[in-house]
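K.L.:
Sequences are here, hints too, so could you generate the full structure?
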Amino acid sequence: MKKTIITVVGKDSVGIIAKVCTYLSESKVNILDISQTIVQGYFNMMMITDISATDKDFTTLSEDLEKVGEEIGCIIKIQREDIFNKMHRL
Amino acid sequence: MINISEVLETNKMIEKQNLDVRTITLGISLLDCADSDVNVVAENIYNKITTVAKDLVSTGQDLEKEFGIPIVNKRISITPISLVGARACKCPEDYVILAKALDRAAKKVGVNFIGGYSALVSKGMTKSDEYLIRSIPQAMKETDFICSSINVGSSKTGINMDAVKLLGEIILDTADLTKENDSIGCAKLVVLCNAPDDNPFMAGAFHGVTEADAIINVGVSGPGVVKSALETAKGADFGTLCETVKKTAFKITRVGQLIASEASKRLGIPFGIIDLSLAPTPAIGDSIAEIFEVMGLERAGAPGTTAALAMLNDQVKKGGVMASSYVGGLSGAFIPVSEDQGMIDAVVDGALTLEKLEAMTCVCSVGLDMIAIPGDTKATTISGIIADEMAIGMVNQKTTAVRIIPVIGKGVGETVEFGGLLGYAPIMPVNQFSSDDFINRGGRIPAPIHSFKN
Numbered sequence: 001m002k003k004t005i006i007t008v009v010g011k012d013s014v015g016i017i018a019k020v021c022t023y024l025s026e027s028k029v030n031i032l033d034i035s036q037t038i039v040q041g042y043f044n045m046m047m048i049t050d051i052s053a054t055d056k057d058f059t060t061l062s063e064d065l066e067k068v069g070e071e072i073g074c075i076i077k078i079q080r081e082d083i084f085n086k087m088h089r090l
Numbered sequence: 001m002i003n004i005s006e007v008l009e010t011n012k013m014i015e016k017q018n019l020d021v022r023t024i025t026l027g028i029s030l031l032d033c034a035d036s037d038v039n040v041v042a043e044n045i046y047n048k049i050t051t052v053a054k055d056l057v058s059t060g061q062d063l064e065k066e067f068g069i070p071i072v073n074k075r076i077s078i079t080p081i082s083l084v085g086a087r088a089c090k091c092p093e094d095y096v097i098l099a100k101a102l103d104r105a106a107k108k109v110g111v112n113f114i115g116g117y118s119a120l121v122s123k124g125m126t127k128s129d130e131y132l133i134r135s136i137p138q139a140m141k142e143t144d145f146i147c148s149s150i151n152v153g154s155s156k157t158g159i160n161m162d163a164v165k166l167l168g169e170i171i172l173d174t175a176d177l178t179k180e181n182d183s184i185g186c187a188k189l190v191v192l193c194n195a196p197d198d199n200p201f202m203a204g205a206f207h208g209v210t211e212a213d214a215i216i217n218v219g220v221s222g223p224g225v226v227k228s229a230l231e232t233a234k235g236a237d238f239g240t241l242c243e244t245v246k247k248t249a250f251k252i253t254r255v256g257q258l259i260a261s262e263a264s265k266r267l268g269i270p271f272g273i274i275d276l277s278l279a280p281t282p283a284i285g286d287s288i289a290e291i292f293e294v295m296g297l298e299r300a301g302a303p304g305t306t307a308a309l310a311m312l313n314d315q316v317k318k319g320g321v322m323a324s325s326y327v328g329g330l331s332g333a334f335i336p337v338s339e340d341q342g343m344i345d346a347v348v349d350g351a352l353t354l355e356k357l358e359a360m361t362c363v364c365s366v367g368l369d370m371i372a373i374p375g376d377t378k379a380t381t382i383s384g385i386i387a388d389e390m391a392i393g394m395v396n397q398k399t400t401a402v403r404i405i406p407v408i409g410k411g412v413g414e415t416v417e418f419g420g421l422l423g424y425a426p427i428m429p430v431n432q433f434s435s436d437d438f439i440n441r442g443g444r445i446p447a448p449i450h451s452f453k454n
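Protein chains in written order, with the working numbering: chain A, 1 to 90; chain B, 1 to 454.
Just so you know, the hints here were simulated from the structure itself, not pulled from any lab data. Heads up, a few of these hints could be off.
[As the list claims (entries may be wrong)] Once the Cα atoms are required to be at most 35 Å apart in a straight line, the calculated DSBU-like pairs of lysine-lysine come out as:
no. : chain 1 : residue 1 : chain 2 : residue 2
1   : B       : LYS127    : B       : LYS54
2   : B       : LYS54     : A       : LYS3
3   : B       : LYS378    : B       : LYS141
4   : B       : LYS12     : A       : LYS3
5   : B       : LYS100    : A       : LYS2
6   : A       : LYS11     : B       : LYS398
7   : B       : LYS156    : B       : LYS317
8   : A       : LYS28     : B       : LYS12
9   : A       : LYS77     : B       : LYS247
10  : B       : LYS16     : B       : LYS54
11  : B       : LYS265    : A       : LYS67
12  : B       : LYS247    : B       : LYS453
13  : A       : LYS77     : B       : LYS54
14  : B       : LYS356    : B       : LYS16
15  : B       : LYS398    : B       : LYS141
16  : B       : LYS127    : A       : LYS67
17  : B       : LYS156    : B       : LYS356
18  : B       : LYS100    : B       : LYS123
19  : B       : LYS65     : A       : LYS67
20  : B       : LYS108    : A       : LYS11
21  : B       : LYS141    : A       : LYS56
22  : B       : LYS247    : B       : LYS179
23  : A       : LYS11     : B       : LYS16
24  : A       : LYS19     : B       : LYS65
25  : B       : LYS398    : B       : LYS317
26  : B       : LYS246    : A       : LYS77
27  : B       : LYS234    : B       : LYS247
28  : B       : LYS234    : A       : LYS77
29  : A       : LYS11     : A       : LYS28
[What the hints assert, rightly or not] Calculated from the model, a selection of chain B residues having no Cβ within reach of chain A, i.e. all distances over 12 Å:
no. : residue
30  : LYS156
31  : ASP197
32  : THR240
33  : THR244
34  : GLY304
35  : ASP345
36  : LYS410
37  : PRO429
38  : ASN431
39  : PHE433
Cβ atoms here follow ideal geometry from the backbone N, Cα and C, with glycine treated the same way.
P.N.:
See the structure below:
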C-alpha cells in the first residue's frame with residue numbers, strides 16, 4: 001500500500017468533495033479515510049488515500065489535483081504520508 | 001493513524017512558517033582525480049562530478065513534490081582542492097583552471113553551489129595550499145558557483161598566523177576583483193577554525209579526507225517554526241521555553257532525516273549526517289533575531305542576547321539529536337547578518353555591533369558571518385578580526401568562522417545588496433586602532449592547554 005495524504009483548503013462551496021472524489025475514482029486512487037473541519041471560516045479536508053492501484057505517476061496526480069483545485073477555488077495538495085508520520089509519531 | 005490537526009500543523013509549518021530542508025549536499029571525493037597535468041585533473045574532476053551528481057537535482061525535485069516540502073538548495077562538496085591539485089598546480093593560475101572546471105560541472109548538473117575550493121592549513125601551508133589561497137581572488141572573479149573555505153586553526157594545532165595574515169590580504173583582493181558586484185566574491189569565502197569534514201552548509205562545505213567516496217549530508221532549517229512555537233509560550237518560564245524549542249527541533253529534524261534517507265536510497269549513495277542548524281533567510285519571519293525578540297529581548301544585541309542564543313543553540317541540539325541517527329556538520333544556530341532581516345534591523349537600529357556578534361559566536365555556530373565592513377578596512381585589521389574569532393574556536397573546541405565582506409567603494413551607513421539567499425547588509429563600523437605589528441609577526445599561535453579548565 002502506498003499511502004498519501006490529500007489536503008483540500010479553501011472557501012466552502014457545493015460539490016468540493018464530489019469533484020475531488022470523481023477525479024480520484026477515475027484515477028483508481030482508493031480513499032481510506034476522510035475528515036474535515038472549518039478553521040477560521042476556511043474549509044479544510046484531509047483524505048488518506050492509497051495510490052498503489054493508479055497508473056498515473058506522482059507528478060501527474062499532483063498536477064491534476066492542482067488543476068481540480070483551481071476549478072473549485074481550493075488549494076489541493078498530495079503528499080506522501082511519511083512526512084506526517086515522521087514528524088508526529090515516534 | 002495521522003489526524004487532520006497534525007496534517008494541518010505540518011502544512012502550516014511549511015506554508016506559513018518557512019519550514020524547509022535547506023540543503024541536500026552531495027559530498028564527492030576527488031582524490032582519485034589527481035594527475036600531474038592540470039588539464040587532465042580538470043577533466044577528471046568534471047567527469048567525476050557530472051557522473052556522480054547527475055541525478056542529484058532531479059531527485060531533490062522529486063522529493064519536494066512527493067513530500068510537499070521545499071528543498072531550497074542542492075549542492076556539492078568536494079575534497080579540499082589543494083589536495084587534489086597538489087601534484088599538478090605549479091602556480092595560482094593553475095588552480096583557476098580547476099575552479100573553472102568545477103564551475104562548469106556545477107552548471108552542468110544544476111546545483112546551487114560547489115564547496116571545497118579549500119585548503120586545510122591549521123598548522124602549516126604546503127606550496128600547493130599557498131598557490132590555492134593566492135588563486136582565490138581570481139577564481140572568485142571568474143566563477144559563479146564556487147565556494148572557498150580555508151581552515152587556519154584547530155584546538156589540536158593552534159592557529160596558523162601566517163595564513164591568517166595572508167587571508168586578510170586575500171579577502172581584500174577578492175573584494176577588489178569583484179567590486180563591480182559589491183565585492184560578492186567575499187560572500188563565498190570563509191575562514192574557519194576546527195572545520196568539520198561533513199558540513200553541508202556553504203560557504204564552508206568540503207568533503208573531508210576521512211569521508212567515503214560519496215555521501216549525502218542534509219541541512220535542516222526552520223527559525224520561523226521555532227519562533228511561531230515560542231509565541232505560544234509567551235510569559236512562560238525558561239523550562240517551558242526550552243521544552244518548546246526542543247519539541248520543535250525534534251519535528252524539524254525528523255523531516256530532514258526522512259528526506260536524507262529517501263535521497264540516499266534513490267541516489268544509491270550512503271547517508272552521512274544531518275546538520276541540526278537553524279539557518280535564517282532574508283524572508284520575514286525566518287529569522288534568528290526574531291526568536292530573540294519573542295523570547296523577550298527588544299532587539300538582537302540587547303543585554304541577554306548571548307544567554308538567549310546559548311539556550312536556543314543547546315535546545316535545538318537536544319531536540320534534534322533524538323530525531324536523527326547521525327548528527328554532524330556545524331549543528332547550531334547561524335547568525336549571519338545579511339541573511340536575517342531581524343539582524344539587519346538590529347544593526348540599523350544600533351542594537352548590534354561587531355563586538356556583540358563576536359561574543360555571540362562563543363556560544364553558537366558558526367561565527368562572524370555575512371558581515372559587510374567598509375572597503376577601506378586594512379588587511380591587518382581583517383586578519384586581526386579573523387585571529388580573534390579563530391582564538392574563540394580554538395580555546396572553546398568549537399567551529400568558528402569569519403565571512404566578512406569589505407565592500408570596495410562603500411562606507412559605514414551605506415547598504416550592500418547581494419541578492420537571493422545572501423540578502424543585503426548595512427555596512428558596520430570596525431575598530432580603527434591598528435593591529436599591524438601583531439599580525440606582521442608571522443608564525444603560529446600554539447595549541448592551548450587542554451587541562452586546568454577555567
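K.L.:
So which of the earlier hints does this model not fit?
P.N.:
5, 6, 16, 20, 21, 22
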